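Keeping the supplied structure of chain C fixed, place chain P upon it in accordance with the hints.
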Amino acid sequence: MDPLIEFFRKLSRLLRRERFHSELEEEMAFHRERLEQQMRDDGVEDEEAGYAARRRFGNELQLREQSQDVLSFRFEPLLQDLRYALRQLGKNFWFSATAVAILALGIGATTAIFSVVNPILFQPLPYSHPERMAMIWEARNDGSPLEVSFGSFYGLRQRSRSFAAIAVERAWQPTRSSTAEPERFDGQRVTPGYFRALGVLPALGRDFEDADDRFQGPNVTILSDGLWRRRFGGDAAIIGHDITLDGNLYTVIGVMPRGFENVLSPSAQLWAPLQYNPSLPPDGREWGHHLRMIARLQPGVSRAQARSELDAILPAWAQAHAPGYTSSGGPPTGFLVDSVQADMTRDVRPALLAILGAVAVVLLIACVNVTNLLLARAAQRRGEFAMRAALGASRARLAGQLITEGLLLAFIGGLFAVAVAELGLRGLLALSPPELPRLAAVRLNGSVFAFATAITTLVGIAFGLFPALHISRRELQSGIRQSSDRTVSGHQTTRRTLVIVEVALALVLLVSAGLLLRSVQRIFAIPPGFDPSHMITMQVQEAGRRYQSDADRDRYFTRTADAVRRIPGVVSAAFTSQLPLSGDFATYGVQFEAYPNQSFAPAFRYAIDPDYFATMRIPLLRGRLLDEHDRPPAPVAVVISESLARHNFADRDPIGQRIRIGPDIGHADRPWAVIVGVVGDVKQASLSGGEPDAVYATRSQWSWVDNAQSLVVRTRGDAAAMAPAVRAAIWSVDKDQPVERVATMDAIVAASESQRHFALVLFEGFALIALLLAATGIYGTLAGSVTERTREIGVRSALGASRGSILGLIFRQGMGLAMMGVAIGFVGAIAASRALITLLFGISPLDPVTYMGVIALLLGVSALACLVPARRAAGIDPAITLRAE
Amino acid sequence: MAGKPELMPGTLDLLILKTLTRAPQHGYGIALAIKRLSDDVLTVEEGSLYPALQRLLLRGLVKAEWKMSETNRRARFYTLTAAGRKRLGIEMSEFERMVAAIGRVLQNA
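Protein sequence lines, in the order shown, are assigned to chains C and P. Residue 811 in this note's numbering sits at position 757 of the first sequence, with consecutive numbering throughout. Residue 123 in this note's numbering sits at position 100 of the second sequence, with consecutive numbering throughout.
In short, the hints are calculated from the structure, not lab data. Among these hints, one or two may not hold up.
Stated by the list, open to error - Just the calculated beta-carbon pair ranges, DEER-fashion:
no.	chain 1	residue 1	chain 2	residue 2	range
1	P	F118	C	T507	47 to 53 Å
2	P	R97	C	D96	20 to 26 Å
3	C	R70	P	T66	29 to 35 Å
4	C	E438	P	M115	45 to 51 Å
As the list claims (entries may be wrong) - Residues of chain P placed beyond 10 Å of chain C at every Cβ, according to the derived structure:
no.	residue
5	G33
6	L80
7	L81
8	M115
9	E117
10	L129
11	N131
Claimed, not checked - Each computed DSBU-like pair below joins lysine-lysine, with the alpha-carbon atoms no more than 35 Å apart:
no.	chain 1	residue 1	chain 2	residue 2
12	P	K90	P	K41
13	C	K64	P	K41
14	C	K64	P	K109
15	P	K90	C	K64
The structure displayed is predicted, hence computed values, not measured ones. Glycine included, every Cβ here is placed at the ideal spot set by N, Cα and C.
Next comes chain C alone, as it looks inside the complex:
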């Protein structure tokens, strides 16, 4: 009775299955013989005795099965079912191939999207206790986040008790020019608590210490594992050695562990201490809002508690450092303490959730489609099931068989789906907008496979369950008669419902895709304020400390621009401190002489070559453009954008007005800059963004000469083809300066809406798949219905129905389904478009053009799908069908 012993007995018998069967057979044969013998002894005729014995013995096959059932494990019939299911699928190759292809597409697409969305939105960050990590921002008056100044950070680090570690970081892009081609690295300047806030320490060497972060302190650096292996051969002896960055020696003190994921700056390959001035001079960079603050909370301290502590610290600190805060636009109203993950994903969350929803709809449609195919097949297999039922198969056993077949189909589909997911993922990564965080963690890993397996299993069970629920007892009995017209109604009703569902879901996706398409069209119809055609751009970073003074650096950029202009095919060329729509974002406060009490609203600041306007084709609206005379010692001349003029000089002529910008604000000893012209607005941050206030000054008249400058070049012919010549011209002036971000202006404009574009491409793809599946669904159902109604149609035409009326009959039947689907989908689409609202631009989520266009498209495709079976029905020859009966 011990269940364990019983298990082993079963197992041993299972292993010697063949012997078990033959023994059972022999035993039964013996029994039957003795029974026959006895009957003969009782005087029954020979032949009669044999039959009688067999009759008494009953259905030998069933008997044997029952005896085996006692013995067998649950999976034994499953294996049988599986073999049978495989044969079934093999027998109907095209049916199986279609179903598998649809499933592979549905499951594969869902898996690929999930693999992108999962690490970004759902998985916790790859750090210990990620829930204790927080991003901290200064709060503006309107509550929006603002990057932290070093002054604020310094005060919080000194006075707060909520954090186990707290740090600020900013981007750092040092150049290593000792090698053949100058190479620029992405890196970060950080304060010593940075790695402790992340909870990851160097694998080799040591972490930054407070002594490393002294103002004008030693140059030390920590390398990423990747950089260390790629450039320094993975040699542990690198610790303590010096490397040359930006012309200075940096001592390597540590190497981060392999696989360290740096979510704040995924591309960073090396780190150095921030080394800002702790005496916090009021006019220094210590008060600029350009740092991101990350912290690790003490155990048991909530983000809300930390926030109230920070807010309590602020007033006294702000009062003690009033001049510093004033120079950067005044103290914040408080601090924002966010979860790191929520912070990172805020911008991409709506798009990702919308895409996840869309792919779920595609999966649903794929499942509905395959279920429909299976139901059609189940209708054809009614005879088979009735036969098996008559031979003694229980309903449960038949249902088990169907579920096995469904699961088998789903898992074969799932297998191909892995390939689809792999391909899809590659496409997704190629398409993905740059603002997508944690891309390094996106891959087909265990949790993705678990997800794929889970949905495959669910889908498979659903596939079996649907037809299984349809095996009613009545049908099993009548099915063996192969009657064609009495039992179809149940199947047909379900199949029609499924088609309606498919059409409705397809409409939801089509409307979403249509709305996105119209939004993107609207956005790209917005003039950027310059002419992006025939332009190549690249960034030159003067970083080798070769040009120490601003004047030297200015001369270098001027000579380089001249060299580029001499290339045949170049119309004009100019350097600018920031490039529109490229992600550059440099704003400075503007002080107006005319409004002494006005706060210093920020404007985009461009330090440019005078040729910049001509090269970009930015129109002059009033006054004059900048020219080569606007250089020291001439008084500083600036050109402002139309929106800045409109916002501030509505009642007077801006020309001749005087302003101070950025670092000059509030310094009475600094000269005023004179507005000499007004130019058209240029979109800087994004095409869909608001009106950008902007101030332009020549590079030599701005307070400093930026190291990194973007070169804009207008060409006569194909801009992209000019890139090598332009780069060669740059290096002809100085071969040690790295050239980065080479792109045509058209590409930059297109990439500026990459998130919407990403969503659009996916929605278009999904909507197309949905449209095709819905069309095949309508076609399949209608074709099945025509086959089942062949006799009825034959009778109709025998009774005089015209070809046209039969065609109309079938066509109307199909279009009726499509119309109902459209009606239901309409309601669904209205609901779905609300979820899309953050991705839409310039159109209402109820945009009538989109809805009408999409409905027309869907009905048109449906009509095509209906026409084929309708024509076939019209071609039915009554003589042949009736004779067949």
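Frame of chain C, contents of chain P only:
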């Protein structure tokens, strides 16, 4: 076969075990013994006999071996095991308690 009483559910195992107390027996012999001892009142359906035997084998209440039968044919003989004998005791006293209880109800109700 109409008119013949069906075996009470659960009693088949009991009857099989009991017939085996006298001597090892093959399936046909067990069926025959039950038929004879019950004066043809009880007929064991072969369809339930062999599954039942397999069940008893699995639980270790009987064991089986191939031997020559009285007709000089190979047949599988079932023998009661010690566990089977113990089980039979339990089942018999259960059964008697049940019969007695039913009897009391039939007499007194």
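Next on the checklist: Output the indices of the hints that this structure fails to meet, ascending.
Outcome noted: 6, 7
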